[in-house]
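Now for the letters of each chain:
There are 4 protein chains.
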Amino acid sequence: MIIVIKQGVTKEQLSLFKTTLEERFHVKVNTWEGVESTVLGLIGDTTSIDEDWVNAQEVVENLRRVQEPYKKANRKFHPDNTIIELPTGQKIGDGSLCIMAGPCSVENEEQINYVAERVKAAGATFLRGGAFKPRTSPYAFQGLKAEGLDLLKGARKLTGLPIVTEIMRVSHIDMFESVDIIQVGARNMQNFELLKELGKIDKPILLKRGLSSTIDEWLMSAEYIMAGGNNKVILCERGIRTFETATRNTLDLSAVPVIKSKSHLPVIVDPSHATGKAALVETMALAAVAAGADGLMIEVHNDPKHALSDGAQSLTPDQFDTVARKVLTLHQTMKTIHQA
Amino acid sequence: MIIVIKQGVTKEQLSLFKTTLEERFHVKVNTWEGVESTVLGLIGDTTSIDEDWVNAQEVVENLRRVQEPYKKANRKFHPDNTIIELPTGQKIGDGSLCIMAGPCSVENEEQINYVAERVKAAGATFLRGGAFKPRTSPYAFQGLKAEGLDLLKGARKLTGLPIVTEIMRVSHIDMFESVDIIQVGARNMQNFELLKELGKIDKPILLKRGLSSTIDEWLMSAEYIMAGGNNKVILCERGIRTFETATRNTLDLSAVPVIKSKSHLPVIVDPSHATGKAALVETMALAAVAAGADGLMIEVHNDPKHALSDGAQSLTPDQFDTVARKVLTLHQTMKTIHQA
Amino acid sequence: MIIVIKQGVTKEQLSLFKTTLEERFHVKVNTWEGVESTVLGLIGDTTSIDEDWVNAQEVVENLRRVQEPYKKANRKFHPDNTIIELPTGQKIGDGSLCIMAGPCSVENEEQINYVAERVKAAGATFLRGGAFKPRTSPYAFQGLKAEGLDLLKGARKLTGLPIVTEIMRVSHIDMFESVDIIQVGARNMQNFELLKELGKIDKPILLKRGLSSTIDEWLMSAEYIMAGGNNKVILCERGIRTFETATRNTLDLSAVPVIKSKSHLPVIVDPSHATGKAALVETMALAAVAAGADGLMIEVHNDPKHALSDGAQSLTPDQFDTVARKVLTLHQTMKTIHQA
Amino acid sequence: MIIVIKQGVTKEQLSLFKTTLEERFHVKVNTWEGVESTVLGLIGDTTSIDEDWVNAQEVVENLRRVQEPYKKANRKFHPDNTIIELPTGQKIGDGSLCIMAGPCSVENEEQINYVAERVKAAGATFLRGGAFKPRTSPYAFQGLKAEGLDLLKGARKLTGLPIVTEIMRVSHIDMFESVDIIQVGARNMQNFELLKELGKIDKPILLKRGLSSTIDEWLMSAEYIMAGGNNKVILCERGIRTFETATRNTLDLSAVPVIKSKSHLPVIVDPSHATGKAALVETMALAAVAAGADGLMIEVHNDPKHALSDGAQSLTPDQFDTVARKVLTLHQTMKTIHQA
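Those protein sequence lines, which keep their order, are chains A, B, C and D. Heads up, the first sequence is in my numbering, so the first residue is 146 and it goes up one at a time. Heads up, the second sequence is in my numbering, so the first residue is 146 and it goes up one at a time. Heads up, the third sequence is in my numbering, so the first residue is 146 and it goes up one at a time. Heads up, the fourth sequence is in my numbering, so the first residue is 146 and it goes up one at a time.
A few of these clues could be false.
The list treats identical chains as one, so a pair stands whether inside a single copy or across any two.
Claimed, not checked - List time: in silico DSS-like cross-link candidates among lysine-lysine, alpha-carbon distance up to 27 Å:
1. K290 / K217
2. K236 / K348
3. K151 / K422
4. K422 / K265
5. K422 / K407
6. K156 / K173
7. K163 / K173
Hint data in this document are derived by calculation from the structure and do not stem from the laboratory. All figures in this text were calculated on a predicted structure; none of them were measured in a lab.
Work out the full structure, taking the sequences as your base and the hints as a guide.
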């Protein structure tokens with residue numbers, strides 16, 4: 146961490162400040178005196194230094210970190226890719242392309258079983274489906290809740306596909322015991338109480354990026370889970386909020402290679418929520434694969450026109466057949482292209 | 146709600162769609178046929194119509210609401226300003242200027258009592274202070290928790306100032322029983338499970354705007370609380386996330402008059418979190434009062450340089466004396482100016 | 146165009162407003178009366194209706210367009226893709242992948258000739274290079290200007306590659322006479338005076354997207370050029386400004402399929418300016434090809450470490466060899482994937 | 146300027162880099178070696194150092210400026226406020242409140258003369274009016290052009306109010322000879338060719354902030370004008386582009402105190418373009434005055450319903466009477482409040 150000192154600070158003030166830093170944070174402080182400004186360099190573990198505290202000191206002009214504030218999620222300290230393996234054998238982050246597909250909301254047994262069988266046949270490796278739904282309006286359908294979880298388990302039994310579904314509340318963690326991957330939605334990316342509790346369990350967490358979260362904040366939320374002891378975090382880019390309204394959100398595909406350089410965690414892409422439009426899903430799924438994503442999360446509904454939520458962005462099973470075929474072919478090609 | 150129909154839709158498709166709308170949502174549907182497009186107008190209560198569902202229909206080009214999707218928070222249906230009155234007599238939204246002041250985090254008894262007495266003497270009407278702190282980093286100070294709540298109650302006893310503090314988890318609601326106003330932070334504005342539970346209690350809720358939430362989404366979150374039966378919602382503008390980095394967030398003061406026109410709920414402004422810089426707090430507090438805010442939330446710390454969180458934006462008690470004097474004088478002047 | 150009328154408007158006011166609309170804009174006006182609101186539908190050519198004027202009318206609640214405000218750039222009216230062909234035979238938008246490569250700034254003869262030969266050998270189809278440079282700082286290198294244009298022409302003569310370079314001023318148009326494609330930079334996307342003049346010449350214009358321009362505004366700027374008679378517009382996505390700082394801008398790849406659906410104009414992608422980092426260029430170039438872009442614009446410098454501008458995002462000729470090989474292979478694969 | 150060196154750089158590489166820096170930029174370079182990283186500090190005039198060049202060097206991890214990149218616009222080097230005085234005696238930045246009022250577009254003699262007389266009577270100190278209009282659509286009214294300038298001069302003669310009007314093209318500078326203040330619109334804030342030419346004349350320039358420009362970029366554009374020798378720059382905040390759609394743009398009032406701390410230039414606020422809604426103009430004008438703005442720019446139209454552009458945000462002369470009275474009263478009060 147580098148701290149720029151204000152002009153006009155006396156030697157006594159500076160000396161006092163350096164002592165305070167060393168005692169408070171157990172770091173070593175080096176000084177470099179320029180003509181117009183003095184700069185301090187802090188050596189040691191600066192992860193736990195509170196930037197707010199430093200910024201508030203009278204003598205401080207500003208500061209910048211040389212090290213990132215995350216450790217466990219940081220590739221610098223863990224150069225190898227994290228590969229997440231489920232008890233049932235599926236792997237994420239090992240170079241394969243995981244495809245999580247299914248309806249936005251679980252609606253009934255027939256629906257979820259039908260969709261599950263269709264997406265499995267098309268090549269999906271996970272079944273996604275919402276039982277608890279975060280909706281902007283209190284008057285909109287909020288999901289089948291516990292019943293939805295049961296229906297997902299039934300579809301898992303039928304197809305063998307592990308299930309991915311969203312949690313919205315700490316007190317539900319027990320209920321999610323037999324879920325294979327627990328999803329944290331974009332709106333809860335900084336629900337720190339939830340993250341802390343998910344850090345205590347031993348189960349993969351799919352952490353969606355918040356609508357206006359920087360990549361560093363996203364990694365800090367992963368760090369929350371990992372700091373609790375659960376290292377099985379999968380990141381999911383699902384679009385950020387910008388001024389553009391032609392798409393529901395702006396899919397930030399550059400986040401994929403940026404995450405790959407900063408972190409060892411696997412990252413997948415959700416083109417359905419990002420674009421909000423079924424017609425754009427195939428194209429952006431292909432682009433995500435070309436950008437190096439470890440997987441995709443795609444909404445598929447037997448009957449998007451009658452879906453109880455997010456129908457506008459759902460593919461039909463037939464459309465998904467095509468998309469899955471194309472992305473899997475492209476994924477193979479990308480390997481060849483990069484190895485050539 | 147107005148629905149624009151795609152070109153090329155047949156009479157049969159259109160007729161079927163209209164019947165579906167009428168049966169599904171209990172509305173009356175009018176048709177207007179243009180040369181290039183056909184438009185449907187839905188009459189009746191369209192609040193519960195799911196836009197996603199409509200957008201997903203094959204025949205639909207797009208739609209727009211004529212009515213806002215919120216009802217209880219909507220000024221159209223409740224023209225008079227909501228005035229929130231505490232059991233101890235304080236009122237918010239009645240034309241007075243409420244001032245919530247105190248430290249970002251409660252740190253110890255001496256600190257909170259000293260700050261409480263100083264802000265009261267300066268004119269503050271509420272004591273704010275964080276016991277549970279949402280921090281980006283898992284390694285940063287997370288607040289004194291239950292002990293912090295007790296210290297706040299002690300300071301209330303000492304000064305008579307009602308207390309405002311942030312809740313981060315549904316299971317804490319009981320613990321917040323004797324808090325006067327419960328704050329929902331920006332990161333939890335769309336923590337719908339928390340909002341639902343807060344709708345079941347009878348206590349004022351201070352709902353901060355999310356970092357990237359539109360005003361309509363913010364009002365929908367207020368609607369979540371009100372839909373549960375708790376109408377005592379106070380809105381708090383605290384800056385939105387934009388590309389500008391000179392300030393921590395961009396304070397959207399236009400939100401004040403916009404909220405006033407759309408809703409009957411009181412709205413206050415937090416210049417401390419919005420700007421992130423103590424030097425800007427006074428100016429933006431004055432601007433907020435001129436913009437018609439019902440109150441201010443301002444961070445005050447006995448010793449910002451040693452604050453455990455957010456020191457950079459905290460005022461000293463002496464600085465707060467000046468700010469309070471100025472904003473109260475301005476508030477009086479604004480009444481005169483508007484009545485002249 | 147649909148106009149929602151305010152509540153409480155009298156029959157006389159409405160009747161007068163309708164007559165005004167019909168006379169002023171030569172459209173037919175239909176009325177649909179709902180319970181809570183009245184809606185007007187305008188039939189005819191609404192392209193030239195001024196939204197500001199309509200919004201300002203006392204009786205108007207709000208309006209929305211059913212038709213897009215652009216005509217010449219609109220795919221609805223020109224279903225076939227525009228293919229731009231240069232006098233020297235190169236085509237853009239015909240299904241091939243055009244690759245525009247070269248240095249940010251032309252620096253000297255040796256440099257531009259060397260880079261030109263290297264990028265040609267690697268597969269580039271156009272030579273790009275800046276002679277006039279838009280720089281944020283008045284103290285930064287502003288380009289070699291007229292001399293830079295001459296050097297570009299020399300490199301064209303040497304390699305046969307047509308040249309693409311940026312114009313910054315109306316009075317330079319004559320000087321750009323023998324440039325093959327004239328580029329309008331992001332900061333000039335709404336320099337309407339420049340767009341108007343470029344509409345009068347018969348030469349392809351590469352129109353970069355503004356940093357905070359919506360896709361519709363971008364198409365309106367294309368419309369400016371086309372309205373003047375020059376239909377040879379190539380769009381170039383180069384990243385938009387968002388809150389994220391990990392990349393210089395946020396590359397909005399969804400813009401590619403969105404443009405393809407809204408317009409018949411070719412669209413290429415510039416991953417160099419979008420990301421600002423050489424290490425991300427290859428990945429995002431591949432993603433752009435997978436997303437269906439008609440071409441790429443990539444910065445290549447013989448010696449990025451000594452480049453006079455934008456070195457951080459430039460590839461070396463060796464790096465470009467690899468990128469060009471990969472994107473061309475992928476482009477072939479994408480055809481196979483889509484045809485399968 | 147502080148440069149963080151990559152891990153793994155050899156002593157030889159570092160030594161070579163330091164020599165290059167010293168020779169290329171005539172600065173002195175200090176080294177501070179930490180455990181994990183080495184940091185260089187550059188001493189001397191770093192204004193002209195090209196950040197792109199530095200970032201592109203192989204040994205560089207990243208850099209940050211300690212000094213701002215602008216000099217002439219920088220308060221550090223010019224502590225006193227710039228006061229701009231017109232030949233006719235009006236001053237901007239001297240503590241008075243300048244009010245620039247008038248129609249978005251000049252439409253005809255009767256209109257501009259009537260509005261000029263009304264705004265003067267209400268207290269405006271400048272007449273604003275557009276002769277050349279930047280419009281998103283090529284089919285919208287583009288202004289009366291030269292005739293509009295003549296009408297403005299006529300209204301000036303009638304009322305004595307100096308005139309402010311927008312320039313869109315370098316070749317028009319001669320035509321603007323007798324305009325009192327030349328406005329550069331938001332879309333041309335980084336039209337560097339125009340800025341350079343305006344730096345060569347001796348006339349106040351009103352520089353509007355670009356829709357997505359940071360405050361630092363805005364000051365760099367002021368620096369462009371000042372670098373040419375024209376120090377008479379007035380900044381105008383007019384709203385930035387964000388995700389919020391309730392207002393046309395988001396008025397960033399914090400920019401006023403931020404500019405005041407960073408620069409000595411006067412800054413005014415345009416609540417009309419920022420909000421896009423007449424109903425919000427009064428409130429945001431008052432907030433701007435409370436925030437310390439040196440002036441206001443407000444659209445006033447004799448008949449907003451029939452305005453040829455931007456009618457929705459224009460006040461009637463009667464409405465402006467009220468706004469002008471209120472802001473002038475508030476401006477007096479603010480002086481008292483700050484002096485108490």
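Comparing the hints with the structure gives:
1. Proximity of K290 to K217 under the C-alpha cut-off of 27 Å is restricted to the inter-copy arrangement: shortest distance 26 Å between copies versus 33 Å within a copy.
2. Within a single copy, K236 and K348 get their C-alpha atoms as close as 13 Å, which meets the 27 Å cut-off; across copies the closest is 48 Å, which misses it.
3. Taking identical chains as interchangeable, the C-alpha atoms of K151 and K422 lie at most 27 Å apart only when they sit on different chains, with a minimum of 15 Å there against 51 Å within one chain.
4. In this assembly of identical chains, the alpha carbons of K422 and K265 lie at most 27 Å apart only when taken from the same copy (23 Å versus 39 Å across copies).
5. Taking the closest pair of Cα atoms, K422 and K407 come within 27 Å of each other only across two copies (14 Å); inside a single copy the shortest separation is 30 Å, beyond that limit.
6. For a Cα distance limit of 27 Å, the shortest separation of K156 from K173 qualifies both inside one copy, at 18 Å, and across copies, at 23 Å.
7. Taking the shortest Cα distances, K163 and K173 sit within 27 Å of each other both inside one copy (9 Å) and across copies (25 Å).
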